[in-house]
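Read top to bottom, the protein sequences are chains X and D. Going by my numbering, the first sequence opens with residue 1, and the numbers climb by one from there. Going by my numbering, the second sequence opens with residue 1, and the numbers climb by one from there.
Calculated from the structure, these hints are not laboratory results. Be a bit skeptical, because a hint or two may be false.
[Said to hold, decoys possible] If the Cβ cut is set under 10 Å, some of the chain X residues that face chain D in the computed set are:
no., residue
1, Gly20
2, His32
3, Arg52
4, Thr67
5, Val132
6, Asn135
[To be verified] Just some of the chain X residues that point at chain D, by a computed CB distance under 8 Å:
no., residue
7, Leu3
8, Thr40
9, Met93
None of the values given here were measured: they were computed from a predicted structure. Just so you know, even glycine gets a beta-carbon here, dropped at the ideal spot from N, CA and C.
Protein chains: 2
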Amino acid sequence: MELPSKLLDSAVNEFSRLPGVGRKTALRYALHLLKNEKHTSHSLAQSILNMRTQIKFCAQCYNISDTDVCEICLNLSRVQTTICVVQDVRDVMAIENTGMYRGVYHVLGGLISPIEGIGPSDLFIDVLLKRVQENKVSEIIFALSATTEGDTTAFYLSKKLQSFSITISTLARGVSVGDELEYADEITLGRSLQNRIPYKGH
Amino acid sequence: MELPSKLLDSAVNEFSRLPGVGRKTALRYALHLLKNEKHTSHSLAQSILNMRTQIKFCAQCYNISDTDVCEICLNLSRVQTTICVVQDVRDVMAIENTGMYRGVYHVLGGLISPIEGIGPSDLFIDVLLKRVQENKVSEIIFALSATTEGDTTAFYLSKKLQSFSITISTLARGVSVGDELEYADEITLGRSLQNRIPYKGH
Numbered sequence: 001m002e003l004p005s006k007l008l009d010s011a012v013n014e015f016s017r018l019p020g021v022g023r024k025t026a027l028r029y030a031l032h033l034l035k036n037e038k039h040t041s042h043s044l045a046q047s048i049l050n051m052r053t054q055i056k057f058c059a060q061c062y063n064i065s066d067t068d069v070c071e072i073c074l075n076l077s078r079v080q081t082t083i084c085v086v087q088d089v090r091d092v093m094a095i096e097n098t099g100m101y102r103g104v105y106h107v108l109g110g111l112i113s114p115i116e117g118i119g120p121s122d123l124f125i126d127v128l129l130k131r132v133q134e135n136k137v138s139e140i141i142f143a144l145s146a147t148t149e150g151d152t153t154a155f156y157l158s159k160k161l162q163s164f165s166i167t168i169s170t171l172a173r174g175v176s177v178g179d180e181l182e183y184a185d186e187i188t189l190g191r192s193l194q195n196r197i198p199y200k201g202h
Numbered sequence: 001m002e003l004p005s006k007l008l009d010s011a012v013n014e015f016s017r018l019p020g021v022g023r024k025t026a027l028r029y030a031l032h033l034l035k036n037e038k039h040t041s042h043s044l045a046q047s048i049l050n051m052r053t054q055i056k057f058c059a060q061c062y063n064i065s066d067t068d069v070c071e072i073c074l075n076l077s078r079v080q081t082t083i084c085v086v087q088d089v090r091d092v093m094a095i096e097n098t099g100m101y102r103g104v105y106h107v108l109g110g111l112i113s114p115i116e117g118i119g120p121s122d123l124f125i126d127v128l129l130k131r132v133q134e135n136k137v138s139e140i141i142f143a144l145s146a147t148t149e150g151d152t153t154a155f156y157l158s159k160k161l162q163s164f165s166i167t168i169s170t171l172a173r174g175v176s177v178g179d180e181l182e183y184a185d186e187i188t189l190g191r192s193l194q195n196r197i198p199y200k201g202h
């Protein structure tokens with residue numbers, strides 16, 4: 001689609017770089033901004049710039065933060081000796097949303113993936129080992145994706161961590177709460193059978 | 001979802017003002033920008049600002065333009081005496097994409113809609129009448145939505161234009177090219193039967 005203005009075309013091009021945004025959606029965003037007051041566009045642009053230039057990554061866990069060390073790491077009521085290892089910031093938010101975790105995090109910044117050329121040195125693994133060594137960490141929880149990459153990363157980390165005397169655990173894999181058995185895939189069902197847990201009546 | 005940073009939260013809020021963008025999508029956009037180079041965010045923000053502050057609306061037809069008068073109005077190979085009346089800029093692009101129209105446009109900026117409180121004075125109708133009066137306009141084509149608002153606007157315009165001796169036409173309504181008859185809705189099918197055209201074998 002040829003656009004009647006180069007300025008519009010440039011905005012549409014930039015919007016369509018966002019994930020999942022095609023040129024039609026990008027055009028919709030641009031025309032929406034043109035239709036609205038100027039300050040709407042200003043605050044969008046400004047908040048993007050502020051976020052990109054001022055946001056920090058926690059010096060300890062690499063979570064997104066407004067301060068040098070994030071609120072979770074600074075929170076003394078959280079168990080600093082339990083570290084939950086996750087792939088990225090979104091996973092921290094997901095686990096925080098459960099409201100069931102009182103320890104701290106470590107964001108790896110990705111997963112080991114030979115296909116995508118991501119090796120252990122591209123991730124914040126050394127820093128994690130240093131954290132374990134320097135602090136009295138007693139438990140590491142792998143909260144990684146149930147994919148080959150997630151499993152590879154967990155395996156690599158477990159090898160690196162075996163010299164420390166700490167508990168290593170991983171998220172339980174099993175049938176989702178609310179799921180009907182017949183629709184669960186066979187691998188998940190198999191794993192949840194293998195790792196069955198003692199029944200506790202409520 | 002509680003976000004770990006106020007800067008991120010503000011960007012997510014701004015993104016979620018865009019049409020069809022919820023907080024999850026907005027967060028995806030923000031994290032994408034954080035993951036990428038700083039200049040990606042810079043050029044997005046800059047192009048939004050440039051577009052919103054520098055873009056013009058053609059003084060003649062109210063189409064989006066980089067110049068005071070748009071390229072279509074300035075193009076001397078276009079028939080300046082045929083004006084196609086459309087609701088907004090997107091319709092201009094849609095018609096231009098057909099490559100079948102050689103006249104000029106007039107963008108109304110909306111449709112008459114008593115429910116939404118949009119009256120004739122909120123649209124660029126007076127300017128259209130002035131254009132018709134001052135230039136030797138010979139034909140007006142209504143290319144408006146096939147909705148109550150579109151029909152109301154066309155009716156209002158036709159009344160206003162009846163004092164000028166010009167041809168007034170409207171887009172043909174009918175079965176879409178490629179559509180199977182049985183799936184066409186009855187109103188469209190009825191209209192296309194009523195307005196049947198002489199058969200020309202190719």
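Hint-by-hint comparison with the structure:
1. With a cut of 10 Å, the hint placing X/Gly20 at the interface with chain D holds, because the nearest CB-to-CB distance is about 7 Å.
2. Satisfaction of the interface hint for X/His32 is found here, the shortest Cβ-Cβ separation to chain D being roughly 5 Å, below the 10 Å cut-off.
3. Proximity of X/Arg52 to chain D holds as hinted, the smallest CB-CB distance being about 4 Å (cut-off 10 Å).
4. Taking 10 Å as the C-beta contact cut-off toward chain D, the hint placing X/Thr67 at the interface holds, the least distance being around 9 Å.
5. A distance limit of 10 Å between C-beta atoms decides the matter here; for X/Val132 the minimum to chain D is near 23 Å, and the interface restraint is violated.
6. Taking 10 Å as the C-beta cut-off, the interface hint given for X/Asn135 is violated, the closest approach to chain D being about 21 Å.
7. The beta carbon of X/Leu3 comes within 7 Å of a beta carbon in chain D, closer than 8 Å, and the hint placing it at the interface holds.
8. With its C-beta approaching chain D no nearer than about 7 Å, X/Thr40 sits inside the 8 Å limit, and its interface hint holds.
9. The criterion of a C-beta within 8 Å of any C-beta in chain D is met by X/Met93, whose closest approach is roughly 6 Å, and the hint holds.
Comparing the model with each earlier hint shows violations of hints 5, 6; every other hint is respected.
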